[in-house]
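Engineer: Here is how the chains run, residue by residue.
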Amino acid sequence: MEEKKEKNGFEPRLVGILCRWCSYQGADLAGTSRLKYEPNMTVLRVPCSARMSPLFLMKGLTSDIDGILFSGCHPGDCHYISGNMNARRRFVIFKKLLEFAGMEPERIQMSWCSASEDKKWADIVDSVTIEVKKTGPNNKFK
Amino acid sequence: MKELIDKAKELLKEKKVETVIGYREIRGCVVPAYVDSPCDADCLIFDKRCVYNLANYLKWFKNKNVALVLKGCDAKSINVWLQEFQIKRENIFIIGVECYGVMNEKSADAGLSDKCGHCEAHVPNIYDAVIKHQGDKKESVQGEPFKDIQEFEKLPHDERWDFWKKQFEKCIKCYACREICPMCYCKECIVERNIPQWIMSSPSVKGNFEWNMVRAFHLAGRCVECGECERACPVNIPLMKLNKKLIKEMKELFDYSAGQKEDVKSAIDDFYPEKDIKIDDKMIR
Amino acid sequence: MKIGVFVCHCGTNISAVIDVQKVVNDLAKMPGVFAMDYKFMCSDPGQNMIISEIKQKKLDAVIVAACSPCLHELTFRNTLIRGGLNPYMLEIANIREQDSWVHTDRDKATEKAVRLAKMAVAKAKRNQPLFPQEVSVEKSCLVIGGGIAGIQAAIDISSAGYQTVIVEKEPSIGGKMAMFDKTFPTLDCSACILTPKMVQASQSKKVKIYTYSEVEEIGGYVGNFNARIRVKARSVNMEKCTGCGICWQKCPVKVNSEFEQNLGPRKAVYVPFAQAVPNVPVIDCVNCTYYRSKRQNPESKGLCRICEKFCPAGAIEFDQKDKIIEEKFGAVIVATGFSAFDHKVYGEYGAGRYKDVVTALQFERLLNSSGPTQGKILRPSDSKEARTIVFVQCVGSRDESKGVPYCSRVCCMYTAKQALLLKEHIPDANAYVFYIDIRAAGKNYEEFIERVQDEYGVLYLRGRVSKIYRTGDGALLVRGADTLSGTQVEISADMVVLATGLVSNPETVKLGQMIGIPYDKNRFFTESHPKLAPAETQTAGVFICGACQFPKDIPDSVAQAGAAASKVLGLFSQEHLMLEPVLACVNQKICNGCFHCRAVCPYNAIDEEILKDKSVVARVIESKCHGCGNCISACPVSAVDLKGYTNEQILEQLQSLR
Amino acid sequence: MISEMKKFIISKNELKKILAGIVAENIKLIAPVSRDNAFFLEEVSDAEKIAWDYSNVVKPVKEHIFPMREVLLDFGRGTDPPALDEPEARSSGKEKNPAGNMPPVKEQVIFGLRPCDARSLLVLDKPFLQEKYVDSYYKERREKTTLIAMACLNPEKTCLCSSFENGGPFSSAGSDVLCVQTGQDEFLVEILSEKGEKIFKNPSFAQPSGEVLKKLENLKADSEAKICKALKVPENLRELFEAGTWETESLSCIACGICRYLSATCYCFNITDEFEQRLRYWIPCSFKNYTKMTSGEISREKKSARFKHWYFHKFSYHKDNFGEYLCVGCGRCIKYCPVKIDFTEVLGKIGNSKQEQ
Amino acid sequence: MQNIYLPELAKIEKITEETPDIKTFDISFADAGAREKFTYLPGQFIMMSVFGFGEAPFGLASTPDRKGYFQCSIKKMGKVTSEIHRLDAGNIVGIRGPYGNGFPVKEIEGQRLLFIAGGIGLAPLRSLIYYCFERRKKFPDITILYGARTVKDLVYKPELKKWQEDKSIKTVLTVDPGGEDKNWTGKIGLVPKILAEMNPFAENTAVVLCGPPIMIKFTFIELLRMGFREKQVITTLERTMQCGVGKCGHCSIDKYYVCKDGPVFNYEQIKTFLEEI
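One line per chain: the protein sequences are G, H, C, L and D, in this order.
No gaps in the numbering here: position 37 of the first sequence is 37 in the working numbering, and each next residue is one more.
No gaps in the numbering here: position 184 of the second sequence is 184 in the working numbering, and each next residue is one more.
No gaps in the numbering here: position 547 of the third sequence is 547 in the working numbering, and each next residue is one more.
No gaps in the numbering here: position 267 of the fourth sequence is 267 in the working numbering, and each next residue is one more.
No gaps in the numbering here: position 153 of the fifth sequence is 153 in the working numbering, and each next residue is one more.
Hints are supplied without guarantee of correctness; some may be wrong.
As the list claims (entries may be wrong) - What the simulated footprint calls covered on chain H by chain L, stretch by stretch (three residues with Cβ under 8 angstroms from a Cβ of chain L suffice, anywhere in the stretch; the number is not a length):
id, region
1, 51-57
2, 199-207
3, 233-239
Claimed, not checked - Think about it this way: if two alpha-carbon atoms lie no more than 25 angstroms apart in a straight line, the pair counts; the simulated BS3-like pairs of lysine-lysine are:
id, chain 1, residue 1, chain 2, residue 2
4, H, Lys165, G, Lys140
5, D, Lys138, D, Lys152
6, D, Lys14, L, Lys302
7, D, Lys11, L, Lys288
8, L, Lys126, L, Lys214
9, C, Lys355, C, Lys328
10, H, Lys187, C, Lys169
11, C, Lys402, G, Lys36
12, C, Lys402, C, Lys254
13, D, Lys106, D, Lys11
14, H, Lys64, C, Lys376
15, H, Lys59, L, Lys340
16, L, Lys319, L, Lys303
17, C, Lys2, D, Lys79
18, C, Lys344, C, Lys467
19, L, Lys195, H, Lys48
20, C, Lys169, C, Lys355
21, L, Lys340, G, Lys142
22, L, Lys292, D, Lys14
23, H, Lys62, C, Lys589
24, C, Lys2, D, Lys14
25, H, Lys165, H, Lys132
26, C, Lys614, L, Lys139
27, C, Lys344, G, Lys120
28, H, Lys166, L, Lys28
Since the hints were derived computationally from the structure, they do not count as laboratory data.
Since we're looking at a predicted model, the values are computed, not measured.
Where a beta carbon is used, it is the ideal one built from N, C-alpha and C, also for glycine.
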């Protein structure tokens, strides 16, 4: 019973690392247009998705965070020209490695979200929250 | 192995190199050999038991000119070193050796190690001289290289996690896998950094998981699959399983395998133009 | 380390959803943290409160939990400067746009606000004081695109005494406006108001015009851009040529003129239009017989060369090569304009098969006295006079299916103008306009439309044209609906003019990626802020004006050009420029010299340095680095770190959620 | 001489029953277990899982007295001032402060360790216990441990335990109980201390007959004959610090941590804080950062200097400080070295390198 | 069973900024019992721990006669020290110690004293200097030679000024070449060079030396050239330390443990070390 209650009563602790030029402004726009989404994700601002080293994924998951989302500009829109492309490769390789080691793929997510896609940002946060809530708490390192 | 010894003697006589690093046999097992003078070059041998990747010793011979006896898989490490500006090509003389498989020390029946099962680098792709292979040229069984990886991927993720958790629990953080790997040449490894403390230095489940993940990630697109890390691990953690997974991904996604050419940008730093990327869109929302 | 946390109510924007007092209490529990709240933190009393707290409690770092950093990061940084603290010891927790406005559950939102504030404290604890980098400013501006917007910007900047360079792809500046006959609503002759501007620009000592040339590469950063411009070979010597015109009279080759929208011919050596600036012809080496023969067999002497024989000034130089010009600029203004929508995608309007279905620009050329028909409105098919003309609005605008969802703003006005001009040319001609909504939101615009309908009797039919047929005797049968009278309408017209919408210049993508400025899904350049900064882009030192930002009419383009010019003058007025100190720096004791960082750096801002012990390590060129952080994720030993967003800070932020 | 009174014969199942009894009394039983074709001393819940046919376990027994990672202090998460908790409060069961959640140290019995490992604890006792500062963590675990050693019937070619005074495959030094497998199902058990007494409470088992004792003697003899390695430390080792050809000997060493960690007697450690716990963990002196000072300077930077320090600490410094070599000859450093360096050979080459000059 | 790794809780009373990266901390123990128990000799060191970040050894800079609190001067170098530099007055730290053997105050009684310090090395010497000031009868003649990289890096500036005015002691300050600024009156040059210029009287003089290893090495050469006997030259060795009680093996040099057999050695012992310092 405890496990089941804890599952649906479980409030996942999520971290979103956003690039300040596109995704962060998209999230702000979601705010100005008063869209409503889940409050579980705490947002961290970095200059570019290229700054999001895949090691943050690992460090996040080992300091009992249930899910991490990287969000950057669409290919071609990057303020720093090719930052998001390098970030994409590093992210994909590290996610495949973590998945191979047994980490649930829903805990590690990446998204492209531009400064004008406020609706998309709200949907991303909601779907990530639901997915991580489904996979349950991250007690691999308790 | 007369050809190998003559080549070593010739190099040392003409003072082209200061030392020749090869293999030697003492008390029944094969150890690395450092030959400085032509007269004691007779101890050099090459056979099934020469498993070490001698390219690793370049860490301590960085700007001396040295000759190396290298198998096919080991020579690929030189390509990665050149790709990352660690040595100058003219400083080293590569004595390539045609090899048809080396022994797997850890298996009871001392059969060929599984990297040789699908080896396609019998003759090194970078060398200054080649020593022909004496024994039978048994063509390696061209099995599907990543079959065990694909099977392991099919397991559910918590089963995979239990497998790796049990393996990482054994890790004693002796870093033999780092010191034996030619790709780990950093002056100060990321493990020794405490501002910020990327990796928990104590051998806990968290610390070992972080260490093995970062080590495997740093080999993405760089590991030449010489299998030394798994051989050196005293507690038998299947490290090559992690590396092979990344080799499979780099091949499938970016069509890149380590150590082929030395003037190309490593795949992890490169990127396709917008459209024709093989990463399926499910990975990124 | 003493940290001050200031939580803002933002009136009720924040306090309506978040229990601000609980946030303050939770934060005050942390060691070394003083927390307080105020109704309007960004107001003057709010800022003075911060300053007094800094002085009184000798704070080392300040956290403001309020609205998004994009709004008030600068204001609070200046507050810190006034309070005597380094401006980079400030951290902002965004608890309005990303918390109170987007959540409804009160205590979950409050708990999220506490998490955001604690994360900001964790980052502020490891902030280092940073000092902006002083950089010199090159006092010269590059204007890309020589349309009315580019010319106006160049004139404004050069009138302030600064050197300006215009780079225009076509052989002459003037852009699309040179093609127009009259302009609405004043019906001034377009050439009469454009030519003085062009001449003023060409005669100004401070303006250098490179026509028939393109920008190939732009590097550097605000105040120190270096651009490489390719001036394509005109095969005519600019100094010697007097513009007498003998060469293009004698030239035997006739080709469709792009300027005349393929309605009229031009020669292989041509000047796009009479009042071209510079009035120097260009030899079109694709169609010129001499160059074609040279391509067949390069050794031969080449045929024709008639223009060379007849040129009194001997200005023809067939062996002229492209010139590459490298120049340094302090700012860049992008004014690349628009291009007309290609109406062939509309099958119902004949998909370009009917010669008498012309685009608005083609009709403009027909109206123009210097056009191919010297102002007479003749049907391109059999050049008979067209007495009934149907104008179709919104062709390639407000049409999601054709990928052009927006309204191009100017078609309603220029269609009305063209209808008026038609009636002036042929008083008893009858003009019909099929429209969805008339958009005339400018000064005297509505009155102009009224005049066209009443005075000139142009018939406005509210409805879309469903099909255009070509009947046997060459007339065009236009079938549409008139929703006001609720009836089907069928008109047999001599000619149909499609009011094609304005789409982005095809070069936008290449140019945007070259300079590093983003563009939206309609390929128009994205301005820094739609309301507050329409002429700026997110990249410092790069400004946009004219139709390349979004379709607009001439008054708006000129106004925006003035705005862009004023921003550039603001930039040039400062002796030194303060550059963001958020740059990468390498810890050379740890660097292995593997140069993964240089492989990923989009600005190649990393070069080699030989240390005393002869080991080669990486070094960041501070002036070229934009602080994106790509090198930090690529470095295996994280020997390089980004000031302001160090690895230690981000890890502390992750671990503050434990 | 093994005294008569404390020796008896026991069968394998009785031995297993006794071991199961230990687990029943809620005492931690640690015994050799086979995992991925290597043997480790691990906590065992049922006696069936114990492996019997092993030469020696990979990790030495010091792993259970001086653990690879041991939490020294737990100062609570973010309470200011930190609520200190330490073994005193733990062992005496005193109501710990809310933050202190370190598990108390349980009684433990280690079965199946080899005589060389048992002797290594005697060697480790000196630096940890007989100094001005007594290490309370080591002392507490040492007192709560009972060692049941299993004599070596066939030592490996890398073993050299007989080169030490009280060494040898059948040596009883350091262990509380010594078992010798004399027959297929017959064990000669000898009690050596009261702790051993507590385990085999009622020795109602048969006394060993003369013939069993004779079998014991020749088992011991041919076991000692199997040892082919010997340790010969040059006397003038201190002069060889400069003179010795350490440079060439250390060429093939890759400076990993295997010989330090798996050595039965190496005891260097680091103390570090992880979030709200202070813990210590093993660290080998072969890493470059082992002697890195805060000024960034490293005193033993060259690989040969670190290689040399291991030999000198084991065979010179420790002998000067504590009177015996810091080695028990378990041979793990030879067996597990990835590049097959044999320290006895290195000492031999260094020893006679002086004569050549 | 006394737990040797358990620190005592102590409060930071006052923090004074000596130079941009060196601060002096006045620390006093939380409970009175520990305060009395804590007696030390000049030259000993303590292990200070910031809970959650780690522990590091710091020399005691105050004289043992000053009851109530002791002082440590800490330079911002690594993880623990930069966290210490973030602390404010009133925060809690953990103190373990005192460890090490301290200066041989008995042997150097009655002799002439020559203190040579480099950079932060003045901290442990300052403890001995004030110890000698309290007992001027036993230590009549004191000379202090103190050098630092730049004028900004000189620590205890007010006290240096006081020592320069005090006629009974000879104080010589120097900065490395290029480190001086306009109103610098002291000498310019490395410590060994200035020592050679001073050419102190070698007879019946004890030399106490503390500073970075390179300075110690070159000063040894100078002192021996000037005829100082090896037993008279005393120095403290800088080594990385983890436990501070002679267990962890990090501070080993030759067969000695710097933390247990004393950070203070005389040159006679150091000469016998196999490894150079």
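Engineer: Each of the hints needs a verdict: does it hold here or not?
Structural biologist: Outcome of the hint check:
1. 51-57: That given contact holds, which follows from 3 residues of the region 51-57 of chain H lying within Cβ reach (below 8 angstroms) of chain L.
2. 199-207: holds (count 5)
3. 233-239: Answer holds; 3 residues pass the 8 angstroms Cβ test.
4. H/Lys165 <-> G/Lys140: The hint holds at about 9 angstroms.
5. D/Lys138 <-> D/Lys152: With Cα atoms ~34 angstroms apart, D/Lys138 and D/Lys152 exceed 25 angstroms; violated.
6. D/Lys14 <-> L/Lys302: violated (43 angstroms)
7. D/Lys11 <-> L/Lys288: violated (36 angstroms)
8. L/Lys126 <-> L/Lys214: Distance ~36 angstroms between L/Lys126 and L/Lys214 Cα, so the pair is violated.
9. C/Lys355 <-> C/Lys328: At roughly 48 angstroms apart (the allowed maximum being 25 angstroms), C/Lys328 and C/Lys355 break the hint.
10. H/Lys187 <-> C/Lys169: violated (53 angstroms)
11. C/Lys402 <-> G/Lys36: Roughly 32 angstroms separates the two Cα atoms, so the pair is violated.
12. C/Lys402 <-> C/Lys254: Cα-Cα ~35 angstroms, so violated.
13. D/Lys106 <-> D/Lys11: Not satisfied, since the Cα-Cα distance of roughly 32 angstroms exceeds 25 angstroms.
14. H/Lys64 <-> C/Lys376: violated (86 angstroms)
15. H/Lys59 <-> L/Lys340: holds (19 angstroms)
16. L/Lys319 <-> L/Lys303: Distance of about 24 angstroms is within 25 angstroms: holds.
17. C/Lys2 <-> D/Lys79: holds (19 angstroms)
18. C/Lys344 <-> C/Lys467: With a Cα-Cα distance of about 14 angstroms, the restraint between C/Lys344 and C/Lys467 holds, given a limit of 25 angstroms.
19. L/Lys195 <-> H/Lys48: Outside the cut-off at roughly 51 angstroms; violated.
20. C/Lys169 <-> C/Lys355: Given pair C/Lys169, C/Lys355 is violated - Cα atoms ~28 angstroms apart, limit 25 angstroms.
21. L/Lys340 <-> G/Lys142: violated (39 angstroms)
22. L/Lys292 <-> D/Lys14: violated (31 angstroms)
23. H/Lys62 <-> C/Lys589: holds (17 angstroms)
24. C/Lys2 <-> D/Lys14: Since the Cα atoms of C/Lys2 and D/Lys14 sit roughly 15 angstroms apart, the hinted pair holds (cutoff 25 angstroms).
25. H/Lys165 <-> H/Lys132: violated (44 angstroms)
26. C/Lys614 <-> L/Lys139: With Cα atoms ~51 angstroms apart, C/Lys614 and L/Lys139 exceed 25 angstroms; violated.
27. C/Lys344 <-> G/Lys120: violated (34 angstroms)
28. H/Lys166 <-> L/Lys28: holds (21 angstroms)
Taken one by one, the earlier hints fail for this structure at numbers 5, 6, 7, 8, 9, 10, 11, 12, 13, 14, 19, 20, 21, 22, 25, 26 and 27, listed in ascending order.
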